[in-house]
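*Asks:* Each chain, written out:
Protein chains: 2
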Amino acid sequence: MAKKELKLRAVVAPTETVIVSAYDPDGKADACTLAFYMVSSHVPPCVTIAINATQKRKTLKDILETKAFVLGFPNVRQVKEADYLGVESGYRADKIANIGFTVSPAQTVHAPIINELPLSLECEVVHTVTVGSHMQVTGEVKRILAEESILDENGRIILEKLQPIIYDEEERLYLGIGGKAGDAFRPGIEFKKALEAKDRE
Amino acid sequence: MAKKELKLRAVVAPTETVIVSAYDPDGKADACTLAFYMVSSHVPPCVTIAINATQKRKTLKDILETKAFVLGFPNVRQVKEADYLGVESGYRADKIANIGFTVSPAQTVHAPIINELPLSLECEVVHTVTVGSHMQVTGEVKRILAEESILDENGRIILEKLQPIIYDEEERLYLGIGGKAGDAFRPGIEFKKALEAKDRE
Chain Y
126 MAKKELKLRA VVAPTETVIV SAYDPDGKAD ACTLAFYMVS SHVPPCVTIA
176 INATQKRKTL KDILETKAFV LGFPNVRQVK EADYLGVESG YRADKIANIG
226 FTVSPAQTVH APIINELPLS LECEVVHTVT VGSHMQVTGE VKRILAEESI
276 LDENGRIILE KLQPIIYDEE ERLYLGIGGK AGDAFRPGIE FKKALEAKDR
326 E
Chain V
126 MAKKELKLRA VVAPTETVIV SAYDPDGKAD ACTLAFYMVS SHVPPCVTIA
176 INATQKRKTL KDILETKAFV LGFPNVRQVK EADYLGVESG YRADKIANIG
226 FTVSPAQTVH APIINELPLS LECEVVHTVT VGSHMQVTGE VKRILAEESI
276 LDENGRIILE KLQPIIYDEE ERLYLGIGGK AGDAFRPGIE FKKALEAKDR
326 E
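For the protein sequence lines, the chains are Y and V, in the order given. Take 126 as the starting number for the first sequence in the numbering used here and just add one per residue. Take 126 as the starting number for the second sequence in the numbering used here and just add one per residue.
So that you can see chain Y by itself, here it is in the shape it has in the complex:
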């Protein structure tokens, strides 16, 4: 397979679009859209976001002051709203009101839940570090709130119903989630067992 060395850049693979919300010192809710997010611990459940620290983002300032944020997942029908929350500044506009979204206080932390997002994680900041242009903020998940419409009868989140927004920086597109490519923890375990059986022969 012919391989090619590419120009250095940060985002070469799909990321997930999330919306982070926080209160400013006046108790006003602000929010911004991010593409840099991951799960960072199973026990306790934690998520980490990376926010550009060179652009004086209002939501980052609010998060550092309140030590709390809510991580919300938009769905593909909310592309316009998500895109807007990423390109406008909270210093210039009341972004949440402008898109017709509303907020409620989180129960476990001092941060606003955006009511219109189908899935929200209430997070308490437990670690921050700045590496390069971005600050990495790790939040311990204290409460998970989901719209019933995205759940199955066992309380599992069904991605076909959530329809999260995937971000493709190479082509500057938002994408949906595709179909099943395989079961997790099955083909690898079957292959492992087959190898072990062969070794015993």
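One should not assume that every hint holds.
A pair counts as met if it fits within one copy or between any two copies, since identical chains are not told apart.
With a cut-off of at most 20 Å between alpha-carbon atoms, the simulated PhoX-like pairs for lysine-lysine come out as follows [unchecked claim]:
1) LYS129 - LYS286
2) LYS192 - LYS305
3) LYS267 - LYS132
4) LYS128 - LYS286
5) LYS192 - LYS181
6) LYS305 - LYS286
7) LYS317 - LYS205
8) LYS186 - LYS323
9) LYS132 - LYS317
10) LYS267 - LYS128
11) LYS181 - LYS153
12) LYS323 - LYS128
13) LYS192 - LYS267
14) LYS317 - LYS183
15) LYS205 - LYS186
16) LYS323 - LYS205
17) LYS305 - LYS205
Hints in this document: simulated from the structure, not taken from any laboratory.
With chain Y held as given, fit chain V onto it using these hints.
*Replies:* Relative to the frame of chain Y, chain V by itself:
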């Protein structure tokens, strides 16, 4: 919209399946599959992975000793191989050989590139921190290598060609990437301009 509070858990939304590879002290290549990964800085380009630190993973030990790793992106035709690299331990088996994968030395760091993966990032460890059950490892991307077959004529990575593997922990599935949901930096900017025009009236 009726909302429901869910049992606390870490992974509630899709993550991306990546394969991290490193050399052990004997120069043997090892690799493991991860779902916790994000881009963490634009300048310089950095990526952060979170690896379970309670399970004595061999690849994590190798990364900490060599201060380097390669982050590889498998495609959906490599689900079995990716799943196996996540469920077997490098202490018990020569995982890379068992799946018929081969390695080459990275050019910029002391870490192995898995030749069969369509996209690889050579990374130098610049920060680590343990929060909860996982260690977060940030690597500065020093070189990007891609198969020509996943690129367009401008050297952009085309996700339809890369076909990365999305992991859904709720249903324990691997998924593909879906279709276009919108242009990035367009609907939000158009909405912003429309609001500004309205303000000027």
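*Asks:* Are any of the numbered hints broken by this structure? If so, which, sorted upward?
*Replies:* 2, 8, 9, 12 and 15
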